[in-house]
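Novice: Sequences are here, hints too, so could you generate the full structure?
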Amino acid sequence: MDKRRKVANPLALAVLAELLTGPMHPYEMGRRLQEHGKDRHIKYNRGSLYMVVEQLHKAGFVAEQETVRDTQRPERTLYALTGEGRTELFDWLRDLLATPRPEYPRFGVALSLLGALPPEEAAGLLRRRLDALTREAEEIRAAVREAADGGVVWVFLADDEYRVAVLDAESRFVTGLIASLEDPDYVRGWHEFFGGTTGA
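Converting from the sequence shown to my numbering requires adding 31 to each position, the first position being numbered 1.
FYI, nobody ran anything at the bench for these hints, they're computed from the structure.
The calculated SDA-like cross-link candidates involving lysine to any residue, where the alpha carbons are at most 20 Å apart (straight line), are:
#, residue 1, residue 2
1, K89, A48
2, K89, T108
3, K69, L188
4, K74, M60
5, K89, T118
6, K69, L198
7, K89, W123
8, K74, L120
9, K37, S79
10, K74, E49
11, K89, M55
12, K37, Y75
13, K74, Q86
14, K74, E85
15, K37, G114
16, K69, R172
17, K34, R132
18, K69, E59
19, K74, Y135
20, K37, A48
Specialist: Below is the structure:
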């Protein structure tokens, strides 16, 4: 059974991790998350980031350290990681790494209903998906090479390497699925079963 978290948004975990390096204000957190490429894995905007910081503050995981005032910018509150926040960070991270959980991807939903589409159309749509998967994998590989050449330590690129591995595995699966959809026995059987009753 999943452990109930006081703040369950994955963005909260990223914020706690950023604060390991020292106190900072939400704007700085957002800038660093983008610099570290975390915005590719966690959806957020400025409003959601400030909301998560406030939730972490209420939960006792971060504390206001000081308020910075200068004439150039608006007043900014710096937040620091508390002892409880540090404990939560490592407990949550260890749990996510060690325990696989179903994630209910949308592609899985589409696959469970794949038989509703004519084989020819389904194969064509999957070819489009395969092209998109290939492009994305190539883009990530290029970004990883550039980061590695720039001196980024491999452990900070593990999430990108994982994404490429997932994309490659999905590409192999989709390639095989297209071949199955184009098998004459399946095509004939589908048309006999549905008789042109599906497909808008």
